[in-house]
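Undergrad: If you want the building blocks of each chain, they are given just below.
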Amino acid sequence: MPTTISFRLNNRPVRLPADAARPLLWVLRTDLGLTGTKYGCGEGHCGCCEVLVNQRAVRSCLLKAKDVEGKEVLTIEGLEKDGQLHPLQKAFMAHDALQCGFCTPGMILRAFGLLQSNARPSAAEIIHGLEENFCRCGAHVRIVQAVQTAAAEMRGEH
Amino acid sequence: MSANDFLAPDLQHAADSAGLVPPTRREFLKRVAGGIIVFVAFGDLAAAQEAANEAARPRMARPELPTDFNAFLHIGEDGHVTCFTGKIEMGQGPITSLPQMLADELDAPLDSVDIVMGDTDLCPYDMGTWGSLTTRQFGPAFRAAAAEAKAVLLELASETLQVPVARLTARDGVIFDRQDPTRRITYGQLAKGRKIERHLKVKPSVKDFAAFALMGKPLLRRDARDKVTGKAQFSADIRLPGMLYAKILRPPAHGAKLTSVDTTPAKATAGVQVVQDGDLVAVLHELPDVAEQALERIKAEFTIQPREPNDRTIFEHLLAAAPAANVVSKGGDLDEGKRLAQRSFETTYLNSYVAHSAMEPHAALASIEGDKATVWASTQNPFGARDEIARALGFPTEKVRVITPFVGGGFGGKTVNTQAVEAARLAKATGRPVQVMWSRAEEFYYDAFRPAAVVKIKSGIDAAGQMTFWDYTVFCAGDRGAPHFYTIPHHRTAAAGGFQGPPGLHPFAVGAWRAPGNNTNTFARESQIDLMAAAAGIDPVQFRLNHLRDPRMIRVLQAAADHFGWTPAKSPSRRGYGVACGMDAGTWVAAIAEVAVDASKGAVQVKRVLCAQDMGVVINPEGAKIQMEGCITMGLGYALTEEIQFEGGKILDTNFDTYTIPRFSWVPKIDTVILEANEFPPQGGGEPAIILMGAVIANAIHDATGARLLQLPMTPARVKAALLTGGLTSANSPLPAAPV
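Residue numbers (the numbering used here), protein chains in the order written: chain V, 57 to 214; chain R, 2 to 741.
Only chain V is shown next, with the shape it has when bound in the complex (with noise of 0.2 Å):
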């Protein structure tokens, strides 16, 4: 039954009618137009649907939109800040780290949630923390470059 749910979303105080009951993915990507959240396999495997609940990375096809009430949600079309690419957006840009595009924004957004609980992390620990989200055309070798580029910057390195 609708109900209003009131979250953060992107930096911005939200609130929307809808049915507390909802998957998360397809409130974003329908009533508020946030297409970048993609739908890969709506089943939490592939994380092309990731998006930051708290800082933390989580697949929003198996969230609930009452499941975010009050909380903090960032998308990837939230992580420009500015007009300034976030240092993960520099990087996969400047390492090649993407083809087709689909799995990327998932893909950021679940580095930036590794990224906030370990700001140092080894090559092995980016692989790790990045396992269960899928690229088919192959860009992994470059993203585990790109999230390790971005990290460096964020420790404000370069």
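Source of the hints: derived by calculation from the structure; they are not laboratory data.
Incorrect hints may have been included.
Counterexamples of contact, computed for chain V against chain R with all Cβ distances above 12 Å [stated by the list, open to error]: (1) Ser62; (2) Arg64; (3) Val70; (4) Arg71; (5) Gly126; (6) Lys127; (7) His142; (8) Gln145; (9) Leu171; (10) Ser173; (11) Ala175; (12) Ala208; (13) Glu209; (14) Arg211; (15) Gly212; (16) Glu213.
The list that follows gives simulated cross-link-like pairs (lysine to aspartate or glutamate, EDC-like), each with its CA atoms no further than 20 Å apart [said to hold, decoys possible]: (17) R:Lys232 x V:Asp87; (18) V:Lys137 x R:Asp227; (19) V:Lys146 x R:Asp224; (20) V:Lys120 x R:Glu293; (21) R:Lys608 x V:Asp87; (22) R:Lys670 x V:Glu181; (23) R:Lys232 x V:Asp138.
C-beta atoms are modelled at their ideal positions from N, C-alpha and C, and glycine is treated no differently.
Given chain V, work out where chain R should sit, using these hints.
TA: Just chain R, lined up with the frame of chain V:
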């Protein structure tokens, strides 16, 4: 989003002026206010037809090749260059490499060049984006159009500046007199107030490698910023006012027949519309998840025809049902070759059905206004989709416009456009724009898989370890990559069936999967070569070199060995090194892999892959390298885990929990080497490296363990079985090996 948002402002006016109904290309061209337009046709239509035959799906009407032109470019009054092509961007990079070619041939600044791709109303006909053809076949014609445009500009500049053409130089969109560089004029100034059309019939000269300014240099992707910010729109991201999302009733198995359906419970949900149009039963709603829930309430009964085969019995079925074999190459006398052989080997190689598994499922949004349908579709062949939609709607083709936004991976799978036809039919039935996006289960169910296939090889060597005969038959994978390139005096290569086979051969749809047929053929050939090298006690690189005469294959194999740091040893050396080489899409390719095998688990970790390619002159080296890395990574899947499980017409895999595609932790250290070959025309890069992945890993497993794997994928269970038996006569092959 408007269909024309991506057009330069002056062209947007031309595209919009008819109001809601998008223009035909002819109308569009009439409306282009001014500037210079160069049309170009392929010089070699026979070659294009051959490629179409290779790539087109037989059940689709084979497209007529265009008689007018294949591409055109427009130089606007502001100096802006827009090129129009029916090719599409699905990650492989033409959105970057085509403008790179154009700017270089035209001597225009790269950022003044835009590209419009895959719009059937605005772009000239193109049969489809596949076969690694964009750079090698389309590229030269495209470059010729730019060279022609530059020739026109030089003539105009000569008239305007009163300077002979021979004294003029073009650079960065400006033409100047070399004797007096202050006498100069821009492309925009030359195009202003004119309307010039040129139809290119003779092939003008394109730049030699030495004159390349942009081509041959690495260039980062032009679509990267949109793809890292979420702005890049794929078909399912397009929104239109009043649109509905459709979920479609699907049968439980291929061959199942709908016997009864009750849609009443679905209609209980507010806002739900149900469409029943023959075999198409769909539930539509303004929210996709609500439509999905409503679909689940439909009561439907199907009768399932009991069908053979399943994923265990498929190979016997294929051998029994395959059409007669056609000989694709032969030489010498096989009986003589067998007589000369001191040792003979008869082996059967198998591979299973493999899914495309692009991360983006098939999606389309259809809108019908008046008598015109506009469909945004994830497709590799927008013109083929247009024709299919027109047939389904009963519309003339010029009343259907297909627009191709970014495509989220294709690999051959998006040559099937069923979802676009479904969206168009539902838009017609409801009178509203309709989106169809397949679920992952629908994606697995309707995918046109890489075919399961069998290769039987008999071969022999003499006492010196030289091959004396080679008798090769591939069943149901087609002959791409089947002919060997080794020096074998007595040989015969035959193919029974193409990669699709006659109707009914396969229990469900099969089709082109990245380098169709060649993964199957290269796995079999390079495994058999390796097996003979091991039997002869000769290092597998040396054994190949002993049988090669083609200088480009020798060079690419030696380059792979040198860069890898290969030292000769007979296999199994216990180092876990494997080698393989092959040809695809005009490119010579060789790879060496290092693997570690965990015997207790049967697990294979690929630790390193070095791949060397000779692909002629390289247009975008970074793009080519990325394609090689992608091929190697994607190829790990069909080599190690990917196979469709099925029981009759029922596809048992419905998602990535049972169908396993490569993960980060599988990816080896990858080294790529692209050999300089600037004297040769550019060749394909999107497919060649993937053809080696089955054999190079199988050969490395043999080198590590002494066990020979004969069936793809090389799952832990098959690896353990091979370790127990040595492989060759093991239970991993259901087909008994008969003595030669």
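Undergrad: With reference to the structure, classify each hint as holding or not holding.
TA: To see whether the hints hold, each was checked on the structure:
no.: 1; hint: Ser62; verdict: 20 Å, holds
no.: 2; hint: Arg64; verdict: 18 Å, holds
no.: 3; hint: Val70; verdict: 17 Å, holds
no.: 4; hint: Arg71; verdict: 18 Å, holds
no.: 5; hint: Gly126; verdict: 22 Å, holds
no.: 6; hint: Lys127; verdict: 20 Å, holds
no.: 7; hint: His142; verdict: 9 Å, violated
no.: 8; hint: Gln145; verdict: 4 Å, violated
no.: 9; hint: Leu171; verdict: 15 Å, holds
no.: 10; hint: Ser173; verdict: 17 Å, holds
no.: 11; hint: Ala175; verdict: 20 Å, holds
no.: 12; hint: Ala208; verdict: 18 Å, holds
no.: 13; hint: Glu209; verdict: 14 Å, holds
no.: 14; hint: Arg211; verdict: 20 Å, holds
no.: 15; hint: Gly212; verdict: 21 Å, holds
no.: 16; hint: Glu213; verdict: 21 Å, holds
no.: 17; hint: R:Lys232 x V:Asp87; verdict: 17 Å, holds
no.: 18; hint: V:Lys137 x R:Asp227; verdict: 15 Å, holds
no.: 19; hint: V:Lys146 x R:Asp224; verdict: 13 Å, holds
no.: 20; hint: V:Lys120 x R:Glu293; verdict: 15 Å, holds
no.: 21; hint: R:Lys608 x V:Asp87; verdict: 46 Å, violated
no.: 22; hint: R:Lys670 x V:Glu181; verdict: 16 Å, holds
no.: 23; hint: R:Lys232 x V:Asp138; verdict: 16 Å, holds
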